[in-house]
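With these hints in hand, go ahead and build the complete structure from the sequences.
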Amino acid sequence: MSIGPKSAEADDDRQQRQSKFEEQSSGNDVLVSDSERDEITMSQARTIESQRSHIVGVPLASREDASSLPPMGAGKPYPPDLLERDGYIVEFGGADDPIHPQH
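The opening position of the sequence shown corresponds to residue 1 in full-length UniProt numbering, with each subsequent residue numbered one higher.
If you're looking for bench data, these hints aren't it; they were derived computationally from the structure. Values in this document were obtained by computation on a predicted structure and should not be read as measured data. Glycine residues also receive a C-beta, built at the ideal position from the N, C-alpha and C atoms. Treat the hints with care, since some could be wrong.
Said to hold, decoys possible - Derived DEER-like restraints, expressed as beta-carbon distance ranges:
1) G75 with I55: 32 to 42 Å
2) D96 with D11: 30 to 40 Å
3) E39 with A74: 51 to 61 Å
4) R14 with S43: 35 to 45 Å
5) P77 with E39: 42 to 52 Å
6) D12 with D96: 49 to 59 Å
7) D34 with S68: 49 to 59 Å
8) P98 with T47: 55 to 65 Å
9) R14 with E36: 35 to 45 Å
10) R37 with I89: 40 to 50 Å
11) I40 with G87: 40 to 50 Å
12) I48 with M72: 50 to 60 Å
13) M72 with S50: 51 to 61 Å
In structure tokens form, the structure reads like this:
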């Protein structure tokens, strides 16, 4: 079976696109040192902490009163509020945190 002129042109076009892609991807990769990566990670952690403090750290006075909530049913009382919410928040432990999602 011989290769027709259209399939040869398609192969040439495919090879040109592949070589252009290789040229673009090989020379423009950004190299980041470990210390820069750690600094970026710590900056991201600080940003997340700041956002969390603005969201979770809302004063209790601004929350709705429990009396405005509907009853639990069967005469059950609502459980007590958490006293120290910060104790229940999972946080980033540093650049060597083994369970951080970016590791």
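Structure-based check of all given hints:
1. Taking the beta carbon of each, G75 and I55 are about 34 Å apart, inside 32 to 42 Å as hinted.
2. Here the CB-CB span from D96 to D11 is close to 50 Å, at odds with the stated 30 to 40 Å.
3. At roughly 54 Å, the beta carbons of E39 and A74 sit within the given window of 51 to 61 Å.
4. Here the CB-CB span from R14 to S43 is close to 42 Å, well matched to the stated 35 to 45 Å.
5. In this structure the hint that P77 and E39 lie 42 to 52 Å apart at CB holds, the actual value being about 49 Å.
6. Distance hint check: the CB atoms of D12 and D96 are about 51 Å apart, consistent with the given range 49 to 59 Å.
7. For D34 paired with S68, a C-beta distance near 52 Å keeps the hint of 49 to 59 Å intact.
8. Range check, P98 to T47: about 21 Å between beta-carbon atoms, so the 55 to 65 Å window is missed.
9. Between R14 and E36, the C-beta spacing of about 38 Å keeps the proposed range 35 to 45 Å intact.
10. The hinted range of 40 to 50 Å is not satisfied by R37 and I89, whose Cβ atoms lie roughly 25 Å apart.
11. Evaluation of the 40 to 50 Å hint for I40 and G87 yields a failure: the beta carbon distance comes to about 28 Å.
12. The hinted range of 50 to 60 Å is not satisfied by I48 and M72, whose Cβ atoms lie roughly 34 Å apart.
13. Taking the beta carbon of each, M72 and S50 are about 35 Å apart, not inside 51 to 61 Å as hinted.
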